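Chemist: All chains should be built: construct the whole structure from the sequences, respecting the hints.
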Amino acid sequence: MALGLAGGFLLRPVIVTDRGEFRLFASQGGGAAAGSEELAGKSESRASGNRSAGSPLARLSSGDAVTDVRDLIASFEGIRSETQLNPMELIRRIYLLTQLRESEVLDVLASLSKAEDSIRGAEFAEMARICVLTRLAELNGPEAMRLIHSGDLASIWDGSEDTASLMVMNSWVAADPEGAKHWFEAGMKQLDQEELRDLMENDDFRQAYYDGMAKHDPEALAREVGDDSDPDKRDEVMVALVRNAKAPEELVELLDRCIGVYDARTEAIEKLSKADPTIAAAWVETQAVDNARDHDIEDVALVMLDRDTERGIEWYMAQEFADAEREEDRLSKIIYHLAKEDLDRAVEWLESQPDDATRDSAEISMAYQVKGRGWSERLRWLVRVGDVDRRNEALKTMFRSEWEREGGRLPDHVIEAAEEAGMGDAARSYKPE
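Just so you know, we're using numbering that gives the first Met the number 0 here: the sequence shown kicks off at 0 and counts up by one.
A hint or two may mislead.
Estimated spans, in silico, between C-beta atoms of each pair [to be verified]: (1) 194 with 407: 54 to 62 Å; (2) 106 with 86: 36 to 44 Å; (3) 201 with 375: 50 to 58 Å; (4) 387 with 431: 53 to 61 Å; (5) 106 with 202: 32 to 40 Å; (6) 61 with 203: 32 to 40 Å; (7) 93 with 350: 54 to 62 Å; (8) 275 with 194: 23 to 31 Å; (9) 80 with 351: 28 to 36 Å; (10) 86 with 407: 34 to 42 Å; (11) 382 with 80: 33 to 41 Å; (12) 161 with 222: 55 to 63 Å.
Rather than coming from a laboratory, the hints here were simulated on the basis of the structure. Since we're looking at a predicted model, the values are computed, not measured. The beta carbon of each residue, even a glycine, is placed where N, CA and C say it ideally should be.
Modeler: In structure tokens:
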């Protein structure tokens, strides 16, 4: 079975040795290897769609698929601004791509490889070419991958190989998940091949595969990784499962399996917080106090603050942090949020907090939030900052902004306010560094 899968690996045919090994992106001519129909994707027999005169697309179709796609790319190429964009016409033209047969896709790509640089270079045209390729991925995933990496059509991609690979994998998994799975798993066992290793070591490429498989069969994908699996793979798989989860209950279940996998846990808590911050907060409260929980607290709190400020502040202030610096960050984030809603409320709230070092960041933030109330009020907050180095750095930043705005000087009212705050020497001697 493994040799049969390997034999279909990239269609032109993969070279199988006596030891059962294969070489990726082989350049020999010919069609799919015998017995490789599963990996070769959908065959030429797939219908190319309705191009009859009665079709609503008929007025956009010349009757020749290659010409139609060339016209599509020319449409992309000609767009220079939104004033020229007719989204519905482009959508209809793009739909024509879904009707291409495999041979037609290959004709289009071969034609584009010989096209003038102006057609190949435009951003819109680049996306159109990749869209053509993703149609091939639906029909024949291995051939689509081969065309990106074999060099036959290198002039088409011109540095966009990674993007093309991701989009081909997305399209392939959606159309033929089992074929894509066999190809991917076989490739992960052949990392001694340089071209294949470069592709499989691309984090985004692997994530595209796992994201697609999570949509196809999340339970099967979940079974692939146990608690003792490679942590990087487990993280990538769990990220994919999180992205595919719909209900808060699913996310809670996944979060219970995300301990020790940072990216997946981060995505899960962010998604759950937006879906239901109450459930997210309850889950966070069950976790041990550590740096990962610190991060979770901030994600949940920021959503709660946006939806119910008072409740968000109450919950946020009740949480214990492993990293003491998070306590200072917490006050700063609350002040920033309150000041956007009600500056007087922000001032009142900060005044009510214990006057200790945890207020430094919040007091610096407040010095910026009260900018509209004048320099005396700004410096009243800044002078309270206990960390002298941070206070002086913030003062220089504020002075620099005023200096540039006033054309190379600090106006008298700024110097007077600095005198009142005990910062007169710093104001009088200030020169930008």
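Chemist: Taking the hints in turn, state whether each one holds.
Modeler: Hint check results:
At about 58 Å, the CB distance of residue 194 to residue 407 agrees with the hint of 54 to 62 Å. A hinted range of 36 to 44 Å for the beta carbons of residue 106 and residue 86 is inconsistent with their spacing of about 27 Å. The given range of 50 to 58 Å is respected by residue 201 and residue 375, whose C-beta atoms sit roughly 56 Å from each other. A hinted range of 53 to 61 Å for the beta carbons of residue 387 and residue 431 is inconsistent with their spacing of about 20 Å.
One distance hint, 32 to 40 Å for the beta-carbon pair residue 106 and residue 202, holds here, with the actual separation near 34 Å. In this structure the supplied range 32 to 40 Å holds for residue 61 paired with residue 203, their Cβ-Cβ distance being about 37 Å. The hint said 54 to 62 Å for the Cβ distance between residue 93 and residue 350, and at roughly 58 Å that hint holds. With their beta carbons about 45 Å apart, residue 275 and residue 194 fall outside the hinted range of 23 to 31 Å.
Between residue 80 and residue 351 the beta carbon distance is about 52 Å. The supplied range of 28 to 36 Å is therefore violated. Checked against the given bound of 34 to 42 Å, the beta carbons of residue 86 and residue 407, roughly 49 Å apart, lie outside it. A hinted range of 33 to 41 Å is violated for the C-beta pair residue 382 and residue 80, which are about 51 Å apart. For residue 161 and residue 222, the hinted distance range of 55 to 63 Å is not satisfied, since their beta carbons lie about 29 Å from each other.
The structure is inconsistent with the numbered hints 2, 4, 8, 9, 10, 11, 12, although it conforms to all the rest.
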